[in-house]
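Heads up: the protein sequence lines correspond to chains C and D, in order.
Numbering of the first sequence is given in this note's numbering, commencing with residue 1 and proceeding in unit increments.
Numbering of the second sequence is given in this note's numbering, commencing with residue 1001 and proceeding in unit increments.
No wet-lab data here; the hints were simulated from the structure.
Errors might be hidden in some of the hints.
To be verified - Here are the computed lysine to aspartate or glutamate pairs in the EDC-like style, where the Cα-Cα straight-line distance is at most 20 Å:
#1 D:Lys1075 / C:Glu113
#2 D:Lys1014 / C:Glu119
#3 D:Lys1053 / C:Glu113
#4 D:Lys1003 / D:Asp1043
#5 C:Lys85 / D:Glu1057
#6 C:Lys33 / C:Asp92
#7 C:Lys110 / D:Asp1081
#8 D:Lys1075 / C:Asp42
#9 D:Lys1070 / C:Glu30
#10 C:Lys106 / D:Asp1081
#11 D:Lys1021 / C:Glu113
#12 D:Lys1021 / C:Glu119
#13 C:Lys33 / D:Asp1107
#14 D:Lys1070 / C:Asp92
#15 D:Lys1077 / C:Glu113
#16 C:Lys115 / D:Asp1107
#17 C:Lys33 / D:Asp1115
#18 D:Lys1012 / C:Glu79
#19 D:Lys1053 / C:Asp92
#20 D:Lys1014 / C:Glu79
#21 D:Lys1077 / C:Glu79
#22 D:Lys1010 / C:Glu113
#23 C:Lys111 / D:Glu1057
#24 C:Lys106 / D:Asp1107
#25 C:Lys32 / D:Asp1081
#26 C:Lys106 / D:Glu1057
#27 D:Lys1070 / C:Asp43
#28 D:Lys1053 / C:Asp27
#29 D:Lys1021 / C:Glu30
#30 C:Lys134 / C:Asp103
#31 D:Lys1075 / C:Glu30
#32 D:Lys1056 / C:Asp27
#33 D:Lys1056 / C:Asp43
#34 D:Lys1077 / C:Asp103
#35 C:Lys110 / D:Glu1057
#36 D:Lys1037 / C:Glu119
#37 D:Lys1035 / C:Glu119
#38 D:Lys1056 / D:Glu1122
#39 C:Lys139 / C:Glu119
#40 D:Lys1117 / C:Glu79
Small disclaimer: the values here were computed from a predicted structure and weren't measured.
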Amino acid sequence: MNRRNFLTFAGSAIALSVIPMNLNAKDYRELKKDIWTAHNMDDATKALYGAKTPIETDKIKISVPKINSSGAAVPVKFETSIDAKTIALFQDANPESAVAVFDVNKYDMKKYEVKIKMEKDGIVMVLVEGTDGKIYMAKAATQVAAGGCEG
Amino acid sequence: MAKNKITAIKVKIKNNVATAKMVFSHPMMTYNQAKSKTGNSDDANFITHITGKVGKETILDISTSQFFSKNPIFKFKFMCDSFNIGKKLSGRDLDQGITRKASEKGDLLTITATDRKGNTYEKSVELSSRKKKR
Chain C
1 MNRRNFLTFA GSAIALSVIP MNLNAKDYRE LKKDIWTAHN MDDATKALYG AKTPIETDKI
61 KISVPKINSS GAAVPVKFET SIDAKTIALF QDANPESAVA VFDVNKYDMK KYEVKIKMEK
121 DGIVMVLVEG TDGKIYMAKA ATQVAAGGCE G
Chain D
1001 MAKNKITAIK VKIKNNVATA KMVFSHPMMT YNQAKSKTGN SDDANFITHI TGKVGKETIL
1061 DISTSQFFSK NPIFKFKFMC DSFNIGKKLS GRDLDQGITR KASEKGDLLT ITATDRKGNT
1121 YEKSVELSSR KKKR
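All chains, please: the whole structure from these sequences, using the hints.
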């Protein structure tokens, strides 16, 4: 291999290693801006997954405390056994409903725990987009004694 | 005001499943909070994206919104059987001056967070375990 060939080879190898990394990171804030401004869960679902109707399932487990003393940090645990492409976490207590969109990869065990803010009593919903193209969902209700979005 | 950063990441490994827990130091100010504080809802600042990587493999990719709590805590699990897991030394080992060989070092888990103002925060932690990899 002469020197010129080697240089072009090295150049293409660098280019190849950079491009997949950009494709890997999906920023749903840039891809689908409507999710983050939707004011209720139905609109957010439509913005994210289109007109598909979510199927209620028991394969998604959500655990939230029934009553929270403060809405500033409501612990939400959820997990699913469905082969998922993306997972979305929504709630209906705040001015906008989207909390997070997870892009699932092959290492992910699909078990998360996160603390969120809730302004008032509401429902936490987890949506899962399966690799079969269907949308699954589960809901859990929670009560909040003091809202967490103001002050 | 406290400096925004990733405060800590902890990784526990059991049966090839790693549980990573991370704490951020960030106000996560919503539009409403920003409006009541400064009068301008555009001052809102919150983490919008969190990425986790081991080497070149992406293991975590979330787009987040303002409704994560202030100084959010986040926990997730991932399979780590294809990564190098380092040997964690006990206190007694350190007292006796035992050091690790190069082959006993684990891969690094790097968490990168981006907020609405465009600042990025990064922190790395080594995947390590007391027990030998089975």
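Each hint tested on the structure:
Note on D:Lys1075 and C:Glu113: the hinted pairing holds, with a Cα-Cα distance of about 5 Å set against a maximum of 20 Å. Taken as a hint, the D:Lys1014 and C:Glu119 pair is broken in the structure, with Cα atoms around 37 Å apart against an allowance of 20 Å. Among the hinted pairs, D:Lys1053 with C:Glu113 is consistent with the structure: their alpha-carbon atoms are about 19 Å apart, no more than 20 Å. Between D:Lys1003 and D:Asp1043 the CA atoms are separated by roughly 17 Å; this keeps the pair inside 20 Å, and the hint holds.
Our distance criterion of 20 Å between C-alpha atoms is met by C:Lys85 and D:Glu1057, whose separation comes to about 17 Å. The suggested pairing of C:Lys33 with C:Asp92 holds, with an alpha-carbon distance near 18 Å, which does not exceed 20 Å. For the suggested pair C:Lys110 and D:Asp1081, the alpha carbons sit about 16 Å apart, so the restraint of at most 20 Å is met. As the CA atoms of D:Lys1075 and C:Asp42 are separated by approximately 27 Å, the hinted pair breaks the 20 Å bound.
Taking the CA atoms of D:Lys1070 and C:Glu30, the gap is about 23 Å. The hint is violated against a cut of 20 Å. For the proposed pair C:Lys106 and D:Asp1081, the alpha carbon gap of about 12 Å is at most 20 Å, so the pair holds. Simply put, D:Lys1021 and C:Glu113 have alpha-carbon atoms about 9 Å apart, close enough for the 20 Å limit, and the pair holds. With a CA separation close to 25 Å, the supplied pair D:Lys1021 and C:Glu119 exceeds the 20 Å bound.
Under the criterion of a C-alpha separation no larger than 20 Å, the hint pairing C:Lys33 with D:Asp1107 is inconsistent with the structure, at around 35 Å. For the suggested pair D:Lys1070 and C:Asp92, the alpha carbons sit about 19 Å apart, so the restraint of at most 20 Å is met. Distance check on the hinted pair: D:Lys1077 and C:Glu113 sit about 9 Å apart at the alpha-carbon level, within 20 Å; holds. Between the alpha carbons of C:Lys115 and D:Asp1107 the distance comes to roughly 28 Å, so the proposed pair goes past 20 Å and is violated.
Taking the CA atoms of C:Lys33 and D:Asp1115, the gap is about 16 Å. The hint holds against a cut of 20 Å. For the hint linking D:Lys1012 to C:Glu79, the alpha-carbon distance of about 18 Å falls within 20 Å, and the restraint holds. The straight-line distance between the Cα atoms of D:Lys1053 and C:Asp92 is roughly 32 Å, outside the 20 Å bound, and the hint therefore fails. For the hint pairing D:Lys1014 with C:Glu79, the CA-to-CA distance comes to about 18 Å; that is within 20 Å, so the pair holds.
Pair hint D:Lys1077 plus C:Glu79 holds up; C-alpha atoms about 10 Å apart against a cutoff of 20 Å. This hinted pair checks out: D:Lys1010 and C:Glu113 have alpha carbons roughly 14 Å apart, not beyond 20 Å. Pair hint C:Lys111 plus D:Glu1057 holds up; C-alpha atoms about 19 Å apart against a cutoff of 20 Å. Annotation: proposed proximity of C:Lys106 to D:Asp1107 holds, straight-line Cα distance about 18 Å (limit 20 Å).
Of the pairs offered as hints, the one joining C:Lys32 and D:Asp1081 is violated, with about 34 Å between alpha carbons and a cut-off of 20 Å exceeded. Restraint check for C:Lys106 and D:Glu1057: the C-alpha separation of about 10 Å stays at or below 20 Å, so the hint holds. For the suggested pair D:Lys1070 and C:Asp43, the alpha carbons sit about 26 Å apart, so the restraint of at most 20 Å is broken. Between D:Lys1053 and C:Asp27 the CA atoms are separated by roughly 15 Å; this keeps the pair inside 20 Å, and the hint holds.
In summary, the hint linking D:Lys1021 to C:Glu30 is not supported, as the alpha carbons are separated by about 26 Å, beyond the 20 Å threshold. A threshold of 20 Å between alpha carbons decides the hint, and for C:Lys134 with C:Asp103 the separation of about 16 Å falls inside it, so the pair holds. Taken as a hint, the D:Lys1075 and C:Glu30 pair is broken in the structure, with Cα atoms around 24 Å apart against an allowance of 20 Å. Of the pairs offered as hints, the one joining D:Lys1056 and C:Asp27 holds, with about 18 Å between alpha carbons and a cut-off of 20 Å not exceeded.
In summary, the hint linking D:Lys1056 to C:Asp43 is not supported, as the alpha carbons are separated by about 35 Å, beyond the 20 Å threshold. Between D:Lys1077 and C:Asp103 the CA atoms are separated by roughly 14 Å; this keeps the pair inside 20 Å, and the hint holds. Restraint check: the Cα-Cα separation between C:Lys110 and D:Glu1057 comes to about 17 Å, which is no more than 20 Å; the hinted pair holds. A hinted pair counts as satisfied when its Cα atoms are at most 20 Å apart, and D:Lys1037 with C:Glu119 qualifies at roughly 17 Å.
Restraint check for D:Lys1035 and C:Glu119: the C-alpha separation of about 16 Å stays at or below 20 Å, so the hint holds. Between D:Lys1056 and D:Glu1122 the alpha-carbon distance is near 15 Å, which keeps this suggested pair within the 20 Å criterion. Proximity of C:Lys139 to C:Glu119 is assessed by CA-CA distance (about 18 Å); at most 20 Å being required, the pair is judged to hold. Among the hinted pairs, D:Lys1117 with C:Glu79 is inconsistent with the structure: their alpha-carbon atoms are about 31 Å apart, more than 20 Å.
Consistency with the previously given hints fails for numbers 2, 8, 9, 12, 13, 16, 19, 25, 27, 29, 31, 33, 40, ordered from lowest to highest.
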